[in-house]
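There are 2 protein chains.
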Amino acid sequence: MSKKVNAYGAKDSQADLEPMSIKRRDVLKDDVEIDITYCGVCHSDIHTVKNDWGNSVYPMIPGHEIIGRVTAVGEKVSDFKEGQLVGVGCMVDSCQSCSACEDDMEQFCEKGATMTYGSKDEHMDDHTHGGYTTSIVVDKKFVLHIPENIDEKAAAPLLCAGITTYSPLKNWNVKKGDKVGVIGLGGLGHMGVKLADAMGAHVVMITTSPDKAEDAERLGADEVLISKDKDAMKEHQGSFDFILNTIPVGHDMNPYINLLKRDATMVLVGAVEPLEPVHGGGLIMGRKRIAGSLIGGIKETQEMLDFCGEHNIVSDIELIDISDINKAYDRVMDSDVKYRFVIDMASLKN
Amino acid sequence: MSKKVNAYGAKDSQADLEPMSIKRRDVLKDDVEIDITYCGVCHSDIHTVKNDWGNSVYPMIPGHEIIGRVTAVGEKVSDFKEGQLVGVGCMVDSCQSCSACEDDMEQFCEKGATMTYGSKDEHMDDHTHGGYTTSIVVDKKFVLHIPENIDEKAAAPLLCAGITTYSPLKNWNVKKGDKVGVIGLGGLGHMGVKLADAMGAHVVMITTSPDKAEDAERLGADEVLISKDKDAMKEHQGSFDFILNTIPVGHDMNPYINLLKRDATMVLVGAVEPLEPVHGGGLIMGRKRIAGSLIGGIKETQEMLDFCGEHNIVSDIELIDISDINKAYDRVMDSDVKYRFVIDMASLKN
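Protein chains in written order, with our numbering: chain F, 1 to 350; chain U, 1 to 350.
For the record, the hints were derived by calculation from the structure and aren't laboratory data.
Please note that the accuracy of each hint is not assured.
Any copy will do: because identical chains look the same in the list, a pair fits if it lies in one copy or spans two.
Straight-line distance between alpha carbons at most 16 angstroms, and here's what the computed EDC-like set of lysine to aspartate or glutamate pairs gives [unchecked claim]:
no.: 1; residue 1: K234; residue 2: E110
no.: 2; residue 1: K261; residue 2: D103
no.: 3; residue 1: K261; residue 2: E110
no.: 4; residue 1: K170; residue 2: D121
no.: 5; residue 1: K4; residue 2: D126
no.: 6; residue 1: K29; residue 2: D79
no.: 7; residue 1: K349; residue 2: D316
Predicted model only: the values in this text are computed from it and were never measured.
Put together the whole structure using the sequences plus the hints.
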């Protein structure tokens, strides 16, 4: 039920990524076999490789922003054909029967979604392995169609950074003319700006760094608000219809809560750790809201990809060879990438 | 433009409440003059008397849960007639032209609502004075009709505690069969239980004190969840459609966030101070939400009063004479009241 393929992975939480080979399951009746062409590098890959969240399993092959071409399909697969451009994001399976799955929100599967790497693979005696490899087999329900008109290598980050920012914008009903703040200009933030702009919002990039202003505007921001500038923050107080907060670490949310209009929401997509104390009065005055959002369901991910195809939206990327992956990790940790590394998987095949 | 009336108030933040007399404005064309029969004692009265929030003005006559009978009306008043039972809550005026006022949410008036006490009175050279007195004059738009079928003295707390808990239950669309948690069994919490129960919700009182269980059930709770009981908290994890959090001080919200279903909201109505750090992951997993809510608009307050009339809902009160007010304050601070003190204002007239 499995064959060996080349990959790059970590033996344990202390190890750099290095070449290894992994078992890959055979193509079952509902499966799609994909020849991986590109895989994005997500900041969460690094946290997981280093076991920062304490639930990592080794050997680990990271990668959940996977682009490739179909090479084979199982007998019950009709939606996918050999040669088609496809993608795989953060999940590869779920129970398909709980209320979350029934509501097309497999990311909240009550039995726990099978993540693309590091989860128990229900179909073989191994845990799942991600996209830093040459080939993957995934249940058809978790394979996405990638629009052929967009740059496929730059489409890879849509599978995580794209859906992570698209889902809250849609779920909180961002619409033409809304004043939308995007806090933080990184992998998530730069997608948030592009997507909110394409939805017709008046986009304000909120950043600590004045030197990011030009780039934010190139990406689609109508304004840049420097969060350290108290006068500017005061001017924008109470004026935002929605704020997408992509800051990846704990921080003080109170100055951003002040920016919200009455009844408006700020959604966290980056900070999975404790945040600084929120002032209750800041929420009570103006009936303001804070919420979290996690990637998106498969149906919504396809909707996002179609939206990106229609608006010709991809990520800004820097293409690397697999042998550069450890250097790339260092640069991600230094926020030194505009705005996402993508691995050219041909470099692993050669 | 003013006459003197008897009142009980504080000279400064160090002073106990004592008899004093205050100027009361004459009845203008849009005004309603009210002979005050009862006034509730809100915990926020104590904070304001002691200047805990730093914005108090003296001499201060507290009280914003006012019940009385109309004694006179201005020439442009047709909705109110002499002898009618009426109420006044936390606000007595607002700009009536900003978007919040246009949306019937005067509590969020962009120019700042005129609070029942301690705000600039636009109609005379003084600040406003609250309900610990015998007579008040209020613009007709801020006077509420009290259903004649309910116990008028026990209706007083509806004007603050009632609307503070009714508004979020309605705004977040609590409906028949919803599992609703009410955290904290005090002045706000006991109203939350009664109102959510009357809306048909399955009400769970969430409290640290097992000895409150019996009373919670008497008030309408279907279940009592002891928040210190980790096993019980785990059993209820991810099961609440809505949580009304009435805890009046900073606290750890994370155990309560865990109780919410996917996409469910916990609303803060009590804690106007910094809360302990929220764990971002707790919001992100399950797309959960926290929000604040502040009293309610005048239209909604009337709706709440009509609802209470229909369901015969009032507050559980302990009636006191005005001369007992300082002792009552001490007991409120010791959480030693079931569940609201109401001053019999006849005791000030004698």
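Here is what the structure says about each hint:
no.	hint	in the structure
1	K234 x E110	between (42 angstroms within a copy, 15 angstroms between copies)
2	K261 x D103	between (30 angstroms within a copy, 14 angstroms between copies)
3	K261 x E110	between (34 angstroms within a copy, 11 angstroms between copies)
4	K170 x D121	neither (31 angstroms within a copy, 44 angstroms between copies)
5	K4 x D126	within (13 angstroms within a copy, 84 angstroms between copies)
6	K29 x D79	within (13 angstroms within a copy, 74 angstroms between copies)
7	K349 x D316	neither (24 angstroms within a copy, 75 angstroms between copies)
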